[in-house]
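Taken in order, these protein sequences are the chains called A and B.
Residues in the first sequence are numbered from 293 upward in steps of one, following this note's numbering.
Residues in the second sequence are numbered from 13 upward in steps of one, following this note's numbering.
Do not rely on the hints blindly, as some may be mistaken.
Calculated pairs, DMTMM-like style, for lysine to aspartate or glutamate (alpha carbon to alpha carbon, straight line, at most 25 Å) [what the hints assert, rightly or not]:
(1) A/Lys349 x B/Asp112
(2) B/Lys118 x B/Glu76
(3) B/Lys118 x B/Glu100
(4) B/Lys73 x B/Asp97
(5) B/Lys80 x B/Glu100
(6) B/Lys61 x B/Glu100
(7) B/Lys73 x B/Asp112
(8) A/Lys293 x A/Glu344
(9) A/Lys349 x A/Glu367
(10) B/Lys80 x B/Asp112
(11) B/Lys118 x A/Glu374
(12) B/Lys73 x A/Glu344
(13) B/Lys118 x A/Glu344
(14) A/Lys293 x A/Glu374
(15) B/Lys118 x B/Asp97
(16) B/Lys80 x A/Glu344
(17) B/Lys61 x A/Glu374
(18) B/Lys61 x B/Glu76
FYI, nobody ran anything at the bench for these hints, they're computed from the structure.
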Amino acid sequence: KAGVTQTPRYLIKTRGQQVTLSCSPISGHRSVSWYQQTPGQGLQFLFEYFSETQRNKGNFPGRFSGRQFSNSRSEMNVSTLELGDSALYLCASSLVPSPNEQFFGPGTRLTVL
Amino acid sequence: AQSVTQPDIHITVSEGASLELRCNYSYGATPYLFWYVQSPGQGLQLLLKYFSGDTLVQGIKGFEAEFKRSQSSFNLRKPSVHWSDAAEYFCAVGAGNRDDKIIFGKGTRLHILP
């Protein structure tokens, strides 16, 4: 069974641009969560989607948004990028909504210049 | 609000020595508890989880953890570490009512001396 895949793996953007990251969960998993990981703040929860509905949202500004499609694939978007948005963005999937065992993808490394 | 504390940012042990990584949580309800490991450049992998039942939980790669409600702790242990165990370890807690997000600790980086 294929694991969680995230594309792209690496991104370099400049301030003010926007970016879209993609996550394909494990087949059969309907819950997708997104996390931002930075050296200073650790893993911070962004949002969780289950069956195309946002179930929970972390404490991030409205520039961070996401969605989930009918095939459970998920995208997150960050608009008006800031230097502080540079981070590893991790996607995790699970069979049922949190809290539950999550399977993580390798992440997308976003660098904002 | 729920929180997770991993008091040790870095821990160094010799190969073959025993290991204990500390995790304390703050939560009013029965927590769901997890330990994950992250190797450099990779995502997180679940080592073990506790939802209910036996408070001593066995996981993968020879790890175990013990849930101690009175101490609000869920420490991770391994009797003998291997060089391949060098990684970052994260403790996480979620609400038991299945309606809340998972909160992660800041992580403990484990270094192994040959």
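Hint check:
Our distance criterion of 25 Å between C-alpha atoms is met by A/Lys349 and B/Asp112, whose separation comes to about 10 Å. The straight-line distance between the Cα atoms of B/Lys118 and B/Glu76 is roughly 20 Å, inside the 25 Å bound, and the hint therefore holds. The straight-line distance between the Cα atoms of B/Lys118 and B/Glu100 is roughly 10 Å, inside the 25 Å bound, and the hint therefore holds. Simply put, B/Lys73 and B/Asp97 have alpha-carbon atoms about 9 Å apart, close enough for the 25 Å limit, and the pair holds.
Using a Cα cut-off of 25 Å, the hinted pair B/Lys80 and B/Glu100 holds, with the two alpha carbons roughly 23 Å apart. A distance of roughly 17 Å separates the Cα atoms of B/Lys61 and B/Glu100; the hinted pair therefore holds under the 25 Å criterion. Between the alpha carbons of B/Lys73 and B/Asp112 the distance comes to roughly 29 Å, so the proposed pair goes past 25 Å and is violated. As the CA atoms of A/Lys293 and A/Glu344 are separated by approximately 23 Å, the hinted pair is consistent with the 25 Å bound.
For a cut-off of 25 Å, the pair hint linking A/Lys349 to A/Glu367 stands: about 14 Å separates their Cα positions. A hinted pair counts as satisfied when its Cα atoms are at most 25 Å apart, and B/Lys80 with B/Asp112 qualifies at roughly 22 Å. Restraint check for B/Lys118 and A/Glu374: the C-alpha separation of about 23 Å stays at or below 25 Å, so the hint holds. At roughly 35 Å between alpha-carbon atoms, B/Lys73 and A/Glu344 are farther apart than 25 Å, so this suggested pair is violated.
For the given pair, B/Lys118 sits about 30 Å from A/Glu344 by alpha-carbon distance, which is inconsistent with the 25 Å threshold. Among the hinted pairs, A/Lys293 with A/Glu374 is inconsistent with the structure: their alpha-carbon atoms are about 37 Å apart, more than 25 Å. A threshold of 25 Å between alpha carbons decides the hint, and for B/Lys118 with B/Asp97 the separation of about 18 Å falls inside it, so the pair holds. Distance restraint check for B/Lys80 and A/Glu344: the Cα-Cα separation of roughly 37 Å exceeds the 25 Å cut-off, and the hinted pair is therefore not satisfied.
With a CA separation close to 36 Å, the supplied pair B/Lys61 and A/Glu374 exceeds the 25 Å bound. With a C-alpha separation of about 10 Å, the suggested pair B/Lys61 and B/Glu76 falls inside the 25 Å cut-off, and the hint holds.
In this structure, the earlier hints numbered 7, 12, 13, 14, 16, 17 are contradicted, and the remaining ones agree with it.
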